[in-house]
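2 protein chains.
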Amino acid sequence: FIMPLDLGAKGSCQIGGNISTNAGGLRFIRYGSLHGNVLGLEVVLANGTVLDMLTTLRKDNTGYDLKHLFVGSEGSLGIVTKVSILTPAKLPSTNVAFLSCNDYMSCQKLLLAARRSLGEILSAFEFMDRQCIDLAMTHLEGVHNPLPVSPYKFYVLIETTGSDESYDKAKLEAFLLRSMEDGLVADGVIAQDISQASNFWRIREGISEASVKVGAVYKYDLSIPVEKLYDIVEEMRSRVGDTAEVLGYGHLGDGNLHLNILSSKYSDNILAQIEPFVYEWTAGHRGSISAEHGLGLMKAEKIHYSKSPEAVQLMASIKKLMDPNSILNPYKVLPQSALSPEQGS
Amino acid sequence: FIMPLDLGAKGSCQIGGNISTNAGGLRFIRYGSLHGNVLGLEVVLANGTVLDMLTTLRKDNTGYDLKHLFVGSEGSLGIVTKVSILTPAKLPSTNVAFLSCNDYMSCQKLLLAARRSLGEILSAFEFMDRQCIDLAMTHLEGVHNPLPVSPYKFYVLIETTGSDESYDKAKLEAFLLRSMEDGLVADGVIAQDISQASNFWRIREGISEASVKVGAVYKYDLSIPVEKLYDIVEEMRSRVGDTAEVLGYGHLGDGNLHLNILSSKYSDNILAQIEPFVYEWTAGHRGSISAEHGLGLMKAEKIHYSKSPEAVQLMASIKKLMDPNSILNPYKVLPQSALSPEQGS
Numbered sequence: 001f002i003m004p005l006d007l008g009a010k011g012s013c014q015i016g017g018n019i020s021t022n023a024g025g026l027r028f029i030r031y032g033s034l035h036g037n038v039l040g041l042e043v044v045l046a047n048g049t050v051l052d053m054l055t056t057l058r059k060d061n062t063g064y065d066l067k068h069l070f071v072g073s074e075g076s077l078g079i080v081t082k083v084s085i086l087t088p089a090k091l092p093s094t095n096v097a098f099l100s101c102n103d104y105m106s107c108q109k110l111l112l113a114a115r116r117s118l119g120e121i122l123s124a125f126e127f128m129d130r131q132c133i134d135l136a137m138t139h140l141e142g143v144h145n146p147l148p149v150s151p152y153k154f155y156v157l158i159e160t161t162g163s164d165e166s167y168d169k170a171k172l173e174a175f176l177l178r179s180m181e182d183g184l185v186a187d188g189v190i191a192q193d194i195s196q197a198s199n200f201w202r203i204r205e206g207i208s209e210a211s212v213k214v215g216a217v218y219k220y221d222l223s224i225p226v227e228k229l230y231d232i233v234e235e236m237r238s239r240v241g242d243t244a245e246v247l248g249y250g251h252l253g254d255g256n257l258h259l260n261i262l263s264s265k266y267s268d269n270i271l272a273q274i275e276p277f278v279y280e281w282t283a284g285h286r287g288s289i290s291a292e293h294g295l296g297l298m299k300a301e302k303i304h305y306s307k308s309p310e311a312v313q314l315m316a317s318i319k320k321l322m323d324p325n326s327i328l329n330p331y332k333v334l335p336q337s338a339l340s341p342e343q344g345s
Numbered sequence: 001f002i003m004p005l006d007l008g009a010k011g012s013c014q015i016g017g018n019i020s021t022n023a024g025g026l027r028f029i030r031y032g033s034l035h036g037n038v039l040g041l042e043v044v045l046a047n048g049t050v051l052d053m054l055t056t057l058r059k060d061n062t063g064y065d066l067k068h069l070f071v072g073s074e075g076s077l078g079i080v081t082k083v084s085i086l087t088p089a090k091l092p093s094t095n096v097a098f099l100s101c102n103d104y105m106s107c108q109k110l111l112l113a114a115r116r117s118l119g120e121i122l123s124a125f126e127f128m129d130r131q132c133i134d135l136a137m138t139h140l141e142g143v144h145n146p147l148p149v150s151p152y153k154f155y156v157l158i159e160t161t162g163s164d165e166s167y168d169k170a171k172l173e174a175f176l177l178r179s180m181e182d183g184l185v186a187d188g189v190i191a192q193d194i195s196q197a198s199n200f201w202r203i204r205e206g207i208s209e210a211s212v213k214v215g216a217v218y219k220y221d222l223s224i225p226v227e228k229l230y231d232i233v234e235e236m237r238s239r240v241g242d243t244a245e246v247l248g249y250g251h252l253g254d255g256n257l258h259l260n261i262l263s264s265k266y267s268d269n270i271l272a273q274i275e276p277f278v279y280e281w282t283a284g285h286r287g288s289i290s291a292e293h294g295l296g297l298m299k300a301e302k303i304h305y306s307k308s309p310e311a312v313q314l315m316a317s318i319k320k321l322m323d324p325n326s327i328l329n330p331y332k333v334l335p336q337s338a339l340s341p342e343q344g345s
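Chains as they are written, first to last, in UniProt numbering: chain B, 1 to 345; chain R, 1 to 345.
Rather than coming from a laboratory, the hints here were simulated on the basis of the structure.
Treat the numbers as computed from the prediction; the structure is a model and nothing was measured.
A couple of the hints might just be wrong.
Same chains, same label: a pair holds when it works inside one copy or across any pair of copies.
[What the hints assert, rightly or not] Here are the computed lysine-lysine pairs in the DSS-like style, where the Cα-Cα straight-line distance is at most 27 angstroms:
(1) 228 with 90
(2) 228 with 82
(3) 90 with 109
(4) 90 with 169
(5) 302 with 82
This is chain B alone, in the form it adopts within the complex (with noise of 0.2 angstroms):
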């Protein structure tokens, strides 16, 4: 059996700071979200109370089903102490594909493509444009570009996870056939064996760590609706001009752009250029600001760009109900205003 979950942070991170922060990663795409694989919670409340909602259950229709108040809060409202978890099989078989576009139209074509056409075996759809390619081969050492013949506009990644290895090969190498016949793939190939795969993954997985050799990193990590997503690279790209380099890649089969803004170091007039613009462009596109690395200290401000004044009420409410003289996390997640005492109910 495996974890429902993977994300570039294995190495490091613990399991109920993936539940508090309702990590999202690589596989969410087959796997879905952990709301949907959290079986059961213990989490200790504000006033030292143990919530046993330890469950192993799939079904349980008792009451409301308090745990999900805990996935994703980041500690503001209990401490995740022990966590049930839903564990799919693990499958024999997984293949890996990384393909070429020449435009991101083409992508989303080949995103509802692979979505029909490799349907229940699909585990992963992993975007790069080609500035991330290139800071990947500059500043990583070890991998290389497996379609260096000539640069292309966007580079996909896809995983494909099943229990029958000839099978599964046999309809991504159709597929991968069939996408470039249409013109949706320029060029592409199938890793041979672990060592290849693992070169295509550590491409995409080491685009943070090559982001950072640069000097000073803006990151964002947004929801968008998927024919928009790639526009906000480009009007970045064109707001800061020379003075940055400007990177867009994620998850694209959950909508999740990571856009990252590269420059020698840290400069008042880029940070200008980009806020507020970032955050009211994902608004008026009603995104995401945090698609999964939640709002923390930075954004607890912000919540309001991706939350009605209701929903952040109504939160506020609860943080109340539940820490009354805000001991956990403090000053993280919601702003500090919906938590002054005049406010809320």
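Following the hints, position chain R against chain B.
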């Protein structure tokens, strides 16, 4: 695309009601809980506030994920007025097998084997005991027993859904053959056309309809760890003796037993044999006294069999915060004692 939910009531239920009752149903084993599939909600609160949480994003970690409060709270915290839901791709290939097993242990082993061998194409694993089949054959019109030669103790319906008709069918046939060789399956048949498949499903979905034709039905919907799930059916049979017939069936893949006790008419004597035994037994095995049917009016006072006092108290605090005058679905879900003024925070 399809709804990630299918249930016997699909002809009459409504989506808002499905959300409010956290309906489970027949493809839960494949697509999981509504907590994982509902993307956004619009809800009207007790004070008339329209709470707009109507996003279509897969990922959004900005503040508490309030929508989960309304999934399964039976309308007692708010009324669902709009929903956005994740719809999986409609896959072209569905196959259904109807199998028999000689003992419950074989049913369990078959489930484990199906999870491993059918893996990503498994979409239903339903089980029925012989009593269910006999009842369905007696009371349902136009259905017939697919395995009529000799009676078996248990029957299992397995459905696969995938993207490749010939491959999926070959896989199911190989699984069936291997399971018969291993002695897990006594006999079995794969539907050769849609009419046969409908007949298999009609048996499973018709058990509830057939039950009510006997007269009185005491219905229980329990979540129990799979290895203990059939014990309560046998214990119940020995308790009621000749006074009633006991049926066990349900979603074995989810550990969800539907326990029906049939009698020609309601009697306090029979009820005294059933309750509180059924609740105490379930609580003793850390099960749930309502897997998918909710608590409603009849079971609101029984919540303590499946939830800790601390959890019930927190539920009551949230109810009082969000609906201080108890105008939303009063007397349902939570025990009145927990909602009385001197209780809770």
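Status of each hint after checking the structure:
In the homo-oligomer, the alpha carbons of residue 228 and residue 90 lie at most 27 angstroms apart only across protomers (25 angstroms), although the nearest pairing inside one protomer, at 35 angstroms, exceeds that limit. Taking the closest pair of Cα atoms, residue 228 and residue 82 come within 27 angstroms of each other only across two copies (24 angstroms); inside a single copy the shortest separation is 39 angstroms, beyond that limit. Taking the shortest Cα distances, residue 90 and residue 109 sit within 27 angstroms of each other only across copies (17 angstroms), while inside one copy they are farther apart (29 angstroms). When the C-alpha separation of residue 90 and residue 169 is checked against a cutoff of 27 angstroms, the pair qualifies both within a copy, at 17 angstroms, and between copies, at 22 angstroms.
In this assembly of identical chains, residue 302 and residue 82 lie within 27 angstroms of each other by CA distance solely across copies; the values are 26 angstroms between and 31 angstroms within a copy.
Hint check: no violations occur; every hint is consistent with the structure.
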